[in-house]
Amino acid sequence: VGLLTVHLGRRKRTPAQNRRREELFMVRERLREFILEDFMFGGSPEQLEDDASLLGTGIIDSTAVMELVAFLEEEFQITVEDKELVPENLDSVNHLCRYLEKKGVAASVEPTASEVQV
Amino acid sequence: MRFTRDVLRLDPEAEADRICQFIGEQTLERYKRKGVVVGISGGVDSALVTALCARALGADKVLGLILPEKESSPVSEPYAREHADALGVKVERVDLTPILSVLGVYERKNEVIKKLCPDYDPCRDKTKISLPANLLHQPGLNVFSLTVQKPDGTERRCRLGADDSRRIVAAQNMKQRSRMIQLYYHAERLHHIVGGTTNRSESEQGFFVKHGDGGVDIEPLAHLYKTQIYQLARHLGVTENILNRKPSPDTWSGEVTDEEFYFRMPFDTLDLLLYAWANGVPEDEVREVLGLRDEQIDRAFSDFESKKKATWHLRVAAPTLPM
Numbered sequence: 001v002g003l004l005t006v007h008l009g010r011r012k013r014t015p016a017q018n019r020r021r022e023e024l025f026m027v028r029e030r031l032r033e034f035i036l037e038d039f040m041f042g043g044s045p046e047q048l049e050d051d052a053s054l055l056g057t058g059i060i061d062s063t064a065v066m067e068l069v070a071f072l073e074e075e076f077q078i079t080v081e082d083k084e085l086v087p088e089n090l091d092s093v094n095h096l097c098r099y100l101e102k103k104g105v106a107a108s109v110e111p112t113a114s115e116v117q118v
Numbered sequence: 119m120r121f122t123r124d125v126l127r128l129d130p131e132a133e134a135d136r137i138c139q140f141i142g143e144q145t146l147e148r149y150k151r152k153g154v155v156v157g158i159s160g161g162v163d164s165a166l167v168t169a170l171c172a173r174a175l176g177a178d179k180v181l182g183l184i185l186p187e188k189e190s191s192p193v194s195e196p197y198a199r200e201h202a203d204a205l206g207v208k209v210e211r212v213d214l215t216p217i218l219s220v221l222g223v224y225e226r227k228n229e230v231i232k233k234l235c236p237d238y239d240p241c242r243d244k245t246k247i248s249l250p251a252n253l254l255h256q257p258g259l260n261v262f263s264l265t266v267q268k269p270d271g272t273e274r275r276c277r278l279g280a281d282d283s284r285r286i287v288a289a290q291n292m293k294q295r296s297r298m299i300q301l302y303y304h305a306e307r308l309h310h311i312v313g314g315t316t317n318r319s320e321s322e323q324g325f326f327v328k329h330g331d332g333g334v335d336i337e338p339l340a341h342l343y344k345t346q347i348y349q350l351a352r353h354l355g356v357t358e359n360i361l362n363r364k365p366s367p368d369t370w371s372g373e374v375t376d377e378e379f380y381f382r383m384p385f386d387t388l389d390l391l392l393y394a395w396a397n398g399v400p401e402d403e404v405r406e407v408l409g410l411r412d413e414q415i416d417r418a419f420s421d422f423e424s425k426k427k428a429t430w431h432l433r434v435a436a437p438t439l440p441m
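Chains as they are written, first to last, in the numbering used here: chain A, 1 to 118; chain B, 119 to 441.
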């Protein structure tokens with residue numbers, strides 16, 4: 001993914017934890033790639049902020065939400081239930097990552113304050 | 119202006135005069151046409167526009183066009199006729215069913231429905247699409263569900279995917295666009311203009327079809343919220359049948375209201391929230407006046423913002439390049 005992480009005053013991760021972490025970054029990157037290609041038509045990565053509302057910024061509309069749902073179901077082999085169709089699950093990259101974590105696909109992988117991307 | 123439950127209250131006589139002056143100036147001075155053609159649906163918006171045009175120009179300068187098709191509500195035509203007759207406005211009727219059949223509207227829509235509900239019988243079953251129930255009480259996203267109603271009253275409901283949703287909406291929108299074609303035929307033959315019936319609640323939130331009911335020459339109601347439309351309609355004597363009818367797109371064989379189809383809350387609350395959102399009313403005032411919780415107000419405002427953003431293209435003319 002091209003991201004190195006510097007740990008400041010934290011316990012060193014095990015190789016298994018690092019592998020898991022890499023997988024999780026890949027989930028985030030796959031989500032970003034899909035959104036950039038399918039909804040932003042090749043927009044630059046800087047234009048997609050991970051905590052920005054996809055509906056509120058006009059990146060997707062309510063019909064495109066279902067395109068996103070179809071992608072999640074196919075790509076991550078999950079079923080999105082009707083009751084899960086809420087902004088708290090689907091309305092930003094961060095929300096999507098947390099939702100996928102709840103569905104057993106990926107853990108939340110937002111960089112913490114003690115980590116610096118270099 | 120202080121935000122109260124009465125903030126949208128009108129002086130109906132003064133407002134009617136203002137709109138009539140607008141209709142007269144636009145029709146006679148700007149467009150230099152003799153009158154106005156209005157598509158009358160048996161709903162309150164078109165009834166009000168017809169009444170205002172008749173008051174502004176004279177009933178003989180207005181043509182009410184009734185444009186039913188096989189999925190229209192059976193009360194739409196009699197309600198529209200009753201009101202036009204009371205105004206003394208001439209009415210013509212064009213059945214759109216053959217046109218819509220040739221365009222493949224029913225076939226295209228039924229194909230999608232049949233794929234989702236294989237036992238769907240277009241001759242007997244009724245259908246509709248709707249959004250999740252009241253947004254103030256449940257946070258669900260605006261995802262359409264298709265409902266098939268069997269003659270025995272049983273219902274089958276299924277979520278619409280993006281492709282199916284777009285195919286159905288695209289087919290259905292041909293209904294409004296076919297109405298527009300008929301309205302312009304009659305307007306041109308009579309040297310009239312076409313009067314639009316979109317109100318502010320619909321216009322701001324993108325609840326109209328571009329080049330369909332949005333394809334008109336003037337929009338005399340686009341500055342008024344739906345609840346204000348009712349105030350004026352009552353003042354101008356629109357019939358009780360129309361005033362008591364729940365607003366509906368009337369494009370589905372199954373009964374579906376505007377609230378179920380698009381807005382997800384009653385108009386009296388919707389309009390006050392739309393006003394508060396558009397005018398930057400502080401959230402604590404909204405909470406106090408409407409008795410809503412912060413999360414309900416935030417949810418409504420987010421929904422308004424999303425719908426406005428998603429439908430911006432409906433409200434603009436086609437972009438052009440400078441020379």
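Just so you know, these hints were derived from the structure itself, not from any lab. Treat each hint with caution, since some may be false.
Computed cross-link-like contacts, EDC-like style, restricted to lysine to aspartate or glutamate with a CA-CA straight-line distance of at most 20 Å [claimed, not checked]:
1. Lys427/B / Glu23/A
2. Lys364/B / Glu23/A
3. Lys427/B / Asp61/A
4. Lys426/B / Glu337/B
5. Lys427/B / Asp51/A
6. Lys328/B / Asp51/A
7. Lys83/A / Asp129/B
8. Lys425/B / Glu23/A
9. Lys364/B / Glu200/B
10. Lys179/B / Asp416/B
11. Lys244/B / Asp368/B
12. Lys188/B / Glu147/B
13. Lys83/A / Asp368/B
14. Lys427/B / Glu67/A
15. Lys188/B / Glu133/B
16. Lys328/B / Asp61/A
17. Lys233/B / Glu67/A
18. Lys426/B / Glu23/A
19. Lys12/A / Glu29/A
20. Lys244/B / Asp376/B
21. Lys425/B / Glu88/A
22. Lys364/B / Glu195/B
From a predicted model like this one, the values you see are computed outputs, not experimental measurements.
Keeping to a limit of 20 Å between CA atoms, is the pair of Lys427/B and Glu23/A held or broken? Between Lys427/B and Glu23/A the Cα gap is close to 34 Å, so the pair fails against 20 Å, i.e. violated.
For Lys427/B and Asp51/A, compute the direct alpha-carbon distance and say whether it is at most 20 Å. This hinted pair holds, its Cα atoms lying about 18 Å apart.
20 Å Cα cutoff - pair Lys426/B, Glu337/B: At roughly 19 Å apart (the allowed maximum being 20 Å), Glu337/B and Lys426/B satisfy the hint.
Lys188/B paired with Glu147/B [C-alpha distance capped at 20 Å]: violated (39 Å)
Mind checking the alpha carbons of Lys427/B and Asp61/A for me, to see if they're no more than 20 Å apart? holds (8 Å)
Given the hint that Lys12/A pairs with Glu29/A, test it: the Cα-Cα distance must not exceed 20 Å. violated (24 Å)
Hint consistency between Lys364/B and Glu23/A [alpha-carbon to alpha-carbon, up to 20 Å]: violated (53 Å)
Quick one, are Lys425/B and Glu23/A close enough, alpha carbons at most 20 Å? Violated, at roughly 35 Å.
Within a Cα-Cα threshold of 20 Å, do Lys188/B and Glu133/B meet the stated pairing? violated (37 Å)
Between the alpha carbons of Lys364/B and Glu195/B, is the straight-line distance 20 Å or under? OK: Lys364/B and Glu195/B at ~15 Å, within 20 Å.
With the threshold set at 20 Å, check whether the alpha-carbon distance from Lys244/B to Asp376/B stays at or below it. Between Lys244/B and Asp376/B the Cα gap is close to 17 Å, so the pair holds against 20 Å.
Are the Cα atoms of Lys427/B and Glu67/A separated by 20 Å or less? Answer holds: Lys427/B to Glu67/A is near 18 Å, not above 20 Å.
Violated hints, in rising order: 1, 2, 6, 7, 8, 10, 12, 13, 15, 18, 19; the structure is consistent with all others.
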